[in-house]
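Once you've looked at the hints, dock chain B against the given chain A.
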Amino acid sequence: MNSASDSLHPLEITLLAALGQSADAPSSDDELRERSQLAPSQISMALGWLQAKTLIRVHAETVTVWVGLTEVGRGYLVTGSPPEWLVQRCRQGAHEGRPLTVQTLQDADTFPPSDISRAIGLLKQEGAIRLTAGGHVEPTGAASPTAERFAALLNQLRERRRELPSFAPDEQTLLRQYAVKRGSAQKPFRIEERIRREYVLTEDGKAAAQRCRAEAADGRGAVNDVAQLTPAMLKDGSWRGARFRKYTISLRPPRVAPGRRHPYRAFLDLVKHQLVGMGFREMRGPLVETEFWNMDALFMPQFHPARAIHDVYFVKTPTHAARIDEPFLSSVAAAHEHGGDTGSRGWGYRYDAERARRLILRSQGTAVSARTLASKPLVPGKYFSMARCFRYDQVDATHATDFFQVEGIVLGDEIHFRTLLGLLTLFAEEMAQAKERAFLPAYFPFTEPSVELHVRHAQLGWMELGGAGLLRPEVTRPLGVTAPVIAWGLGLDRMAMVALGLHDIRDLFSTDLEKIRALRGRFA
Amino acid sequence: MPTISFLRKDLERFLGRAAAPEQLESWLPLVKGELKDVNAATGEMRIELQDSNRPDLWSVEGIARQIRIKAEGAPRAYPFVQRKTRPARRVVVGNGMDKVRPFVAACAATGMPVTEEDLAHLIQTQEKLADGYGHRRRTVSVGLYRLPRIQFPVTYELVKPTEARFTPLGFSEPMTLKDILAAHPKGIEYGSILAGQPLLPLLRDKAGEVLSLPPIINSADIGQVEPGDSELFVEVTGTDAHMVLLTLNIFAVNFADRGAAVEPVEIQYPYDTPWGTSVATPRDINDAQRVPLKSIEDALGLAMDADMARDALRSYGYDVTTARDALTVRLPCYRHDLMHPVDVAEDVAISRGYDSFTPVMPAHFTVGALSEIERMSDHLRDHMIGQGFQEMCSNILMSREELVERMRLTPADGDRVVEVDNVMSQSFSCLRSWIVPSLLRIEAASPRAFYPHRLFEIGEVERPDAGTVTGSRTRTRLASLIAHPHANFSETHTCLDVLMFYLMRDYALEPVDHNSFMEGRAGTILCNGHPIGLIGELHPAVLENWGISMPVSVFEIEVDSLCGEEGAGSSSTSG
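Taken in sequence, the protein lines are chains A and B. Heads up: the first sequence begins at 1 in the working numbering, then just goes up one per residue. Heads up: the second sequence begins at 1001 in the working numbering, then just goes up one per residue.
Note that these hints are calculated values from the structure, not bench results. It is possible that part of the hints are untrue.
Said to hold, decoys possible - A few chain B residues that don't get close to chain A, going by computed Cβ distances all over 12 Å:
hint : residue
1    : K1032
2    : Q1124
3    : F1428
Said to hold, decoys possible - To spell it out: a stretch of chain A is covered by chain B in this simulated footprint if at least three of its residues, at any positions, have a beta carbon under 8 Å from a beta carbon of chain B; those stretches are:
hint : segment
4    : 272 to 279
5    : 317 to 330
6    : 344 to 350
7    : 419 to 427
8    : 441 to 454
9    : 470 to 480
As the list claims (entries may be wrong) - Covered, in the sense of this in silico footprint (three residues per stretch, anywhere, with C-beta under 8 Å from a C-beta of chain A), are these stretches of chain B:
hint : segment
10   : 1171 to 1185
11   : 1461 to 1471
Ideal Cβ positions, reconstructed from N, Cα and C, are used throughout, including at glycine.
In isolation and in its complexed conformation, chain A is listed as follows (with noise of 0.2 Å):
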């Protein structure tokens, strides 16, 4: 048979028999801490879980202003106001014919110099002091009402805080002026506001502390369950006689940190499967690279505006490297010198084979396919990189300092114009599940044709989701290849982003552990 208290917390059911007692009259928190001699953190976690099982509701909500003594405070109970003890002072010294200067009074340490002076400047208003030429303190014999009321106040504040308002107006513009607001200062009054809840029970509740009420009295209480199933109850079988308590399962449970990947990473590793299912082949390269291989092999002339697209980062130490491979640096040399073999008329320029050597940091993932090109790779083939690149940019919301390139090559006999477009059809199928896609001429200086695909993104609408081309044979020739090869770029960053919930590319490389730990996205 189910019982009330089966799904109550021990806390719960206690706090239920609190405001049973009052019958249908709402309590504070005050009195039901009173009642239930339980401690604030407890009554306000069981309260929250009652109010959310609607068992309980607030009936009123009061704000309530109240006053009472600091530490300073209780010290003036022994010493008296500053006021006071300097009247008093004045009035022994007086009495023993030692008349108190400024400085001995100070000097006295029990209050601090400030309060001193306050209380000098405040008695001599008021005339219960004067200072005489010689820097004396005398008393004139009237009384200082201030005195007597901060002794009135303290007095009444001695036992408990009382409210603000039970208190005379001149009273309360003196117990405001010498009270603490926030921080550390020295008053004597401390003036808090509290709001003050009052509670009753639903209807559900008043049925559930009296289906409590009943069960507590025929034993069959909470009080006697046990929370937590242990090895010797199992060993000795004391399970059987047992009642365990029923959780509350719908609270929420402790947090922990999983062990996970890094969301970005996620979406990297579903772009890697995709490729791979579809036949790449992973490819590797350099963070440190040449001139030669990052922009020479490309055919990107030395000393042309096509070079200027690409602002790089330069090495510091060394500046160049030591060799760059022949037959590789002489066929590349000829090609846009004057074409080589791979009947071009070429550039028509003196190629730096000086510059060729220049160290960088890899601008463009293409590097690593030109490297490729030039390690015999198989025909028909797909390779692919994830390369980590570096553009000479002002970092912002768009621009990362160095960012993740996905870009590849296909070789093949069957590679021409229409297969490149069947494979941007297929890139924006599988990568962007776009359904319409458009293609668009492009310029890169290692590619022609050349093409831009764009797709209309579920979130985006119609972005940029690639570049391609097919590799010019002043690129391929020189590397030793002769079968047409199509270059690929995909920009992914902005569809990471959409299925992240991010807006500042830098976010996908956050260093604030708690926005990675909170990072979900829709993929994989």
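Chain B in isolation, oriented as in the chain A frame:
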């Protein structure tokens, strides 16, 4: 890639037809143009031109011309590029010019009173060509002048910097060439082009009046074209014969399209050029070329007869004659970008429209695979994640302060890193040589992320290595970091131990003195006697340098060492 701006009505003027937005969009692929934005109120549009080998398209005239040819099916003729009679006007090149700025081309444009808008376009084209195509005036620069003020022949010759004086644009007093280079804003901006030249190039007319100091600045008199002028003189100087002539040709056809009569000028050289010592400019610069039809068919994957190819090329501006299996093609005078038959193939494709081609799926069977290093990295990632580590992904560019100074590295610890020469920001001035600093950067930024922190990253680093061709080597490394109030050596050691167990690698730890770690709490990780990494509790001074107030233990190993030859031969019997 240059971006040019013009008004819709400018485009329509040269097109000779209306240019509705959707129509413009269908035309832009012809010029590899991307519409960046349109101002609906003013009709101003900005278009980015992609092809750096097609400077003829970097003006509204050029864009309209390419579109117009497509609409009309064939190009219009520019007869002035064919020499018929000897030009009346001459530019005479002086001795020694071949050592400084060898080539010049020029023409006159008459009968067209320039409006303010014309002038704005001319100047935009002048700037785009000289800056982009002409490498900030180094290779090519352009000057525009008032023709009636010039007495021919004009001389293009070298003079002493202190000898000649003229009043440059923007100034009111004559200055010597030397002073112009030193004090005029353009002299300061472009003076480096002439640096080290004892003699400077100067264009002067018969009366000795200065036209300009190329490629720096025009004279304030002859060289100040204003709206209302209807007789202009334009010259191009530079270091590359073809680029100089091509740039003049572009200006000539642009003038012609604006309605001016173009009158050639003869250039007389004391030395030889690709076209001899006496060259009438503008002139054709392209030879006819024979292109086998098959090369176009192979590139495009499309069977076509010669007439199809001819029509496509004619309607893209080519001069074409056909034979049975070949075409003889010739580019118009304002282009010089035909280097290889593949360039012709692309123009056929663009002229026909990329959308007219049916895509074909590549059908050859190929085997896909990840590299060994990537497979090993993925394997390691699985194990680290299984042990409760959060994977991280950091930038590779860092600062020397992060990589070396905060880590307290000494030369003995290996404190060399690959540094960037042209630093943009100190924060991104070095390639990371290890990954622990990347993880510490995260730890330092995340003290409010709830503990424990268990982080790892597998990624590339660049290790200086004098024994290589480039002086450094790209390696892939795994680093792990544990941070919480009781983080210690033992916990990290357990993680490493579990990892090595499942990798089936025997390993040993050898105590090491390393300045990043606490003394007696750091070790070199040895695999088959070879060091493959480091493990230890980070030194409190390192943590203080990073502003981290939590104990941190780490290990880092080189993934390459676990692959292939380097990783082979290890025990498979451990455990």
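Do the hints match the structure? See the list:
The claim that K1032/B is not at the interface with chain A is violated, since a C-beta of that chain comes within 12 Å of its own (minimum 5 Å). Under the 12 Å C-beta cut-off, the non-interface status given to Q1124/B relative to chain A holds; the minimum distance is some 17 Å. Not every C-beta of chain A lies more than 12 Å from that of F1428/B, the closest at about 4 Å, which undercuts listing it as non-interface. As drawn, the segment 272 to 279 of chain A meets chain B at 6 residues by the rule of a beta-carbon pair under 8 Å; at three or more, the given contact holds.
Restraint check on the segment 317 to 330 of chain A versus chain B: 6 residues with Cβ-Cβ distances below 8 Å, three needed, restraint holds. Counting residues of the segment 344 to 350 of chain A whose beta carbon lies closer than 8 Å to any beta carbon of chain B gives 6, which reaches the threshold of three, so the coverage claim holds. Beta-carbon proximity to chain B at under 8 Å applies to 7 residues in the segment 419 to 427 of chain A; the threshold of 3 is reached and the given coverage holds. Figure legend: the segment 441 to 454 of chain A, annotated as covered by chain B; annotation consistent (8 residues with Cβ-Cβ distances under 8 Å, at least 3 required).
With a cut-off of 8 Å between beta carbons, the segment 470 to 480 of chain A has 4 residues touching chain B; three or more are needed, and the interface restraint holds. Look at the segment 1171 to 1185 of chain B against chain A: 0 of its residues bring a Cβ nearer than 8 Å to a Cβ of that chain, fewer than three, so the hint is violated. Counting residues of the segment 1461 to 1471 of chain B whose beta-carbon sits less than 8 Å from any beta-carbon of chain A gives 4, enough to reach three: the coverage restraint holds.
Of the hints listed earlier, those the structure fails to meet are numbers 1, 3, 10, in rising order.
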